[in-house]
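Protein chains: 2
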Amino acid sequence: MRISDVEIHEFDYEVERTGTVGGNWVYDPDSTLEPPGFVLTIRTADGTEGHYRGFAFTPPSIAQVQMVAEEHLLGRDPLARRGIWQDCWRALRHTDHFGLGAIDVALWDLAGNHHDASVSTLLGGYRDTLPTYASTMFVDDNGGLDGPEAFADYAERCLDRGYDGFKFHGHPEVRPEVDIAICEALADRVGSEMDLMIDSSSLYRTYADALKVGQALDDLDFFWYEDPMHDGGVSERTTKKLVAALDTPMLGLEHVRTGPYGAVDSLASESTDLVRASAHMDGGITGALKTAEAAEAFGVDVELLLGGPAHMHLMSALRNSSYFEHGLLNPESDWILNQGFEGRPESIDDDGRMAVPDGPGLGVDIDWEFVDRRRTGHTVIE
Amino acid sequence: MRISDVEIHEFDYEVERTGTVGGNWVYDPDSTLEPPGFVLTIRTADGTEGHYRGFAFTPPSIAQVQMVAEEHLLGRDPLARRGIWQDCWRALRHTDHFGLGAIDVALWDLAGNHHDASVSTLLGGYRDTLPTYASTMFVDDNGGLDGPEAFADYAERCLDRGYDGFKFHGHPEVRPEVDIAICEALADRVGSEMDLMIDSSSLYRTYADALKVGQALDDLDFFWYEDPMHDGGVSERTTKKLVAALDTPMLGLEHVRTGPYGAVDSLASESTDLVRASAHMDGGITGALKTAEAAEAFGVDVELLLGGPAHMHLMSALRNSSYFEHGLLNPESDWILNQGFEGRPESIDDDGRMAVPDGPGLGVDIDWEFVDRRRTGHTVIE
Numbered sequence: 001m002r003i004s005d006v007e008i009h010e011f012d013y014e015v016e017r018t019g020t021v022g023g024n025w026v027y028d029p030d031s032t033l034e035p036p037g038f039v040l041t042i043r044t045a046d047g048t049e050g051h052y053r054g055f056a057f058t059p060p061s062i063a064q065v066q067m068v069a070e071e072h073l074l075g076r077d078p079l080a081r082r083g084i085w086q087d088c089w090r091a092l093r094h095t096d097h098f099g100l101g102a103i104d105v106a107l108w109d110l111a112g113n114h115h116d117a118s119v120s121t122l123l124g125g126y127r128d129t130l131p132t133y134a135s136t137m138f139v140d141d142n143g144g145l146d147g148p149e150a151f152a153d154y155a156e157r158c159l160d161r162g163y164d165g166f167k168f169h170g171h172p173e174v175r176p177e178v179d180i181a182i183c184e185a186l187a188d189r190v191g192s193e194m195d196l197m198i199d200s201s202s203l204y205r206t207y208a209d210a211l212k213v214g215q216a217l218d219d220l221d222f223f224w225y226e227d228p229m230h231d232g233g234v235s236e237r238t239t240k241k242l243v244a245a246l247d248t249p250m251l252g253l254e255h256v257r258t259g260p261y262g263a264v265d266s267l268a269s270e271s272t273d274l275v276r277a278s279a280h281m282d283g284g285i286t287g288a289l290k291t292a293e294a295a296e297a298f299g300v301d302v303e304l305l306l307g308g309p310a311h312m313h314l315m316s317a318l319r320n321s322s323y324f325e326h327g328l329l330n331p332e333s334d335w336i337l338n339q340g341f342e343g344r345p346e347s348i349d350d351d352g353r354m355a356v357p358d359g360p361g362l363g364v365d366i367d368w369e370f371v372d373r374r375r376t377g378h379t380v381i382e
Numbered sequence: 001m002r003i004s005d006v007e008i009h010e011f012d013y014e015v016e017r018t019g020t021v022g023g024n025w026v027y028d029p030d031s032t033l034e035p036p037g038f039v040l041t042i043r044t045a046d047g048t049e050g051h052y053r054g055f056a057f058t059p060p061s062i063a064q065v066q067m068v069a070e071e072h073l074l075g076r077d078p079l080a081r082r083g084i085w086q087d088c089w090r091a092l093r094h095t096d097h098f099g100l101g102a103i104d105v106a107l108w109d110l111a112g113n114h115h116d117a118s119v120s121t122l123l124g125g126y127r128d129t130l131p132t133y134a135s136t137m138f139v140d141d142n143g144g145l146d147g148p149e150a151f152a153d154y155a156e157r158c159l160d161r162g163y164d165g166f167k168f169h170g171h172p173e174v175r176p177e178v179d180i181a182i183c184e185a186l187a188d189r190v191g192s193e194m195d196l197m198i199d200s201s202s203l204y205r206t207y208a209d210a211l212k213v214g215q216a217l218d219d220l221d222f223f224w225y226e227d228p229m230h231d232g233g234v235s236e237r238t239t240k241k242l243v244a245a246l247d248t249p250m251l252g253l254e255h256v257r258t259g260p261y262g263a264v265d266s267l268a269s270e271s272t273d274l275v276r277a278s279a280h281m282d283g284g285i286t287g288a289l290k291t292a293e294a295a296e297a298f299g300v301d302v303e304l305l306l307g308g309p310a311h312m313h314l315m316s317a318l319r320n321s322s323y324f325e326h327g328l329l330n331p332e333s334d335w336i337l338n339q340g341f342e343g344r345p346e347s348i349d350d351d352g353r354m355a356v357p358d359g360p361g362l363g364v365d366i367d368w369e370f371v372d373r374r375r376t377g378h379t380v381i382e
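Residue numbers (UniProt numbering), protein chains in the order written: chain A, 1 to 382; chain B, 1 to 382.
Among these hints, one or two may not hold up.
Stated by the list, open to error - Not the full set, but computed from the structure, chain A residues with beta-carbon under 10 Å of chain B:
1. A56
2. Q66
3. M67
4. G99
5. N113
To be verified - Okay, derived cross-link-like pairs now, BS3-like style, lysine-lysine, Cα gap no bigger than 27 Å in a straight line:
6. B/K212 with A/K241
7. A/K212 with A/K240
8. A/K241 with B/K290
9. A/K212 with A/K290
10. B/K212 with B/K240
11. A/K290 with B/K240
12. A/K240 with B/K290
13. B/K240 with A/K241
14. B/K241 with A/K240
15. A/K241 with A/K212
16. B/K290 with B/K240
17. A/K290 with B/K290
18. B/K212 with B/K241
19. A/K240 with B/K240
Since the hints were derived computationally from the structure, they do not count as laboratory data. If you're wondering where the values come from, they're calculated on a predicted model, not measured in any experiment. Note that beta-carbon positions come from the ideal geometry of N, C-alpha and C, so glycine has one too.
Let the sequences and hints guide you as you build the complete structure.
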């Protein structure tokens with residue numbers, strides 16, 4: 001079985017009632033975003049296919065797929081994923097490796113289709129359903145999630161809906177005091193019943209601000225403190241100091257594109273408490289699994305970033321992972337990241353749990369009618 | 001003065017007598033590559049302009065410029081570079097930050113045009129000419145640089161041409177024994193008169209191979225040993241072991257997209273002897289300067305990766321940098337990276353020295369006739 005062609009469908013999708021402040025997604029009743037997405041299909045001569053549906057960083061991901069498709073995909077055995085992974089990791093060595101994420105996930109889907117088994121089963125997965133947390137958009141000034149009361153109200157709704165945890169993204173105009181006030185309101189309203197997290201999304205410009213917010217979280221028994229520092233959380237020294245200074249576990253590495261190799265450095269230097277990984281951004285399921293396995297060996301939990309079916313299957317195989325991230329939500333949002341799939345694979349039951357798809361491969365079908373209707377580009381490499 | 005529009009011209013250029021093996025450039029008399037390049041122009045309402053000519057990683061760079069142009073460039077004071085830099089670093093936090101390189105270099109060019117001063121002068125630069133080394137393509141099997149004798153012959157020509165140093169890229173099919181034989185031939189032929197370097201370009205798949213080549217370099221008094229490991233040189237632990245085991249200075253970080261924040265971690269952990277930086281890939285002149293300043297403070301040299309006028313100006317301001325990299329060359333190559341500029345800014349004199357342009361900004365003019373003739377795309381954001 002050899003890869004005969006690589007096909008890319010680009011499309012855009014709709015995020016209603018959402019705008020941006022400094023590039024950060026916020027509730028905005030008068031705005032609809034139309035971000036680009038894509039479907040990568042890897043196909044063999046006998047017609048076996050694997051699909052990847054991408055929803056973020058579409059142009060750079062596609063550019064990287066195109067950089068390696070001819071040299072490292074065409075003619076290769078698609079089941080020999082690890083060889084392809086190593087070649088593409090090296091070929092994309094100057095980049096953030098986004099393209100490898102798409103390629104590897106599509107190869108896992110293809111393998112599942114070939115073996116008539118789910119990716120979870122191929123991974124030896126053992127969890128059928130996953131606990132989830134509600135992950136909101138950034139703080140807005142548009143009457144949505146616009147302050148402590150609004151967040152506390154929404155968290156209560158999320159608790160009623162079944163979520164076990166609640167996370168918000170800070171004020172996009174960098175207002176640590178607003179972020180702290182929201183944390184206090186959340187802890188007061190739902191802190192005894194939900195795990196609470198803040199994703200500061202690298203907004204804070206000084207260590208002083210990052211420390212101040214962290215100290216507030218310590219008093220409020222937050223579940224984790226995610227990416228406070230403006231450098232993206234790159235500096236091991238900075239995060240190591242925060243880890244030492246704070247009781248609240250730090251979740252780091254979402255913005256550090258060094259894959260398993262860099263993650264291990266952060267683990268060895270004890271510069272994060274929890275490790276962020278993403279099949280989309282960290283070399284696919286193969287890459288994120290390397291990171292997760294290393295983290296398990298270090299006794300550290302790995303928390304996957306958003307990410308749909310690829311992450312459902314991956315997380316089903318992991319012991320050391322607490323939550324599937326469901327977002328980005330606001331009180332008037334419909335869940336957006338099902339777009340491009342048939343049905344609604346990212347849905348939770350009344351207990352806030354998400355079912356891992358059990359069909360072959362990723363267990364989801366591309367909604368080709370949707371993709372064709374909103375198509376913005378099409379490329380075939382063969 | 002406010003930024004009124006951002007314009008991108010995409011084009012392709014020609015690299016004659018060059019093919020690829022596993023994506024690596026090699027001499028090939030029967031092949032011409034046509035890689036994509038681009039010109040980014042940042043313009044103010046009063047018509048002041050800055051240009052950046054990109055020659056590598058064009059699609060992801062353009063994608064990232066488009067991600068931030070509206071939110072973080074339009075309407076901003078183009079001279080307030082450091083504010084734009086911080087905003088874009090954070091906005092592109094998930095990515096490799098390629099787009100920030102293009103933006104920042106264009107802003108430096110614009111500032112130079114505004115002040116009627118060269119970028120070197122704005123930086124306080126003090127070197128008018130720069131020592132260079134010849135940097136070859138990868139080992140080929142096509143009768144070009146195809147083995148020890150061919151490399152030794154070519155190094156001798158480069159010595160006669162005036163270059164003070166000579167670097168080659170290893171065998172793209174991963175043959176450490178071939179690489180060692182070439183090193184031996186080079187040391188034997190020109191080692192007493194040139195600084196010799198090998199760029200293993202993350203080809204070696206095992207630590208064992210990386211160590212073996214390094215031990216050979218120790219015996220041959222090589223000037224540096226660049227990026228042996230397949231992980232891209234990401235793992236600080238791996239490179240730290242090589243640094244400790246070898247006498248030859250290790251040059252690392254070309255493939256680690258963590259900017260000054262990650263570079264300092266590697267410096268603090270003594271996991272590299274020399275630091276690679278690039279205005280193109282590490283956040284522009286502003287980003288690479290942060291890395292270079294930190295390296296100087298650590299007593300470590302910074303060696304800039306290829307890179308044309310941006311690097312001439314930057315290097316003119318640095319004490320702790322040995323060489324401008326001139327490449328990628330083979331015995332039949334004309335210098336390729338002048339394409340898109342008027343004249344031949346990357347040229348060496350009989351002593352192998354390259355003159356830093358002294359006109360305003362980057363001191364080079366875009367060859368618009370060339371760009372228009374080979375144009376493949378055009379975007380205006382305003």
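| query | Broken hints, numbered, in rising order? | reply | When the structure is compared with the hints, numbers 5, 6, 9 and 17 turn out to be violated.
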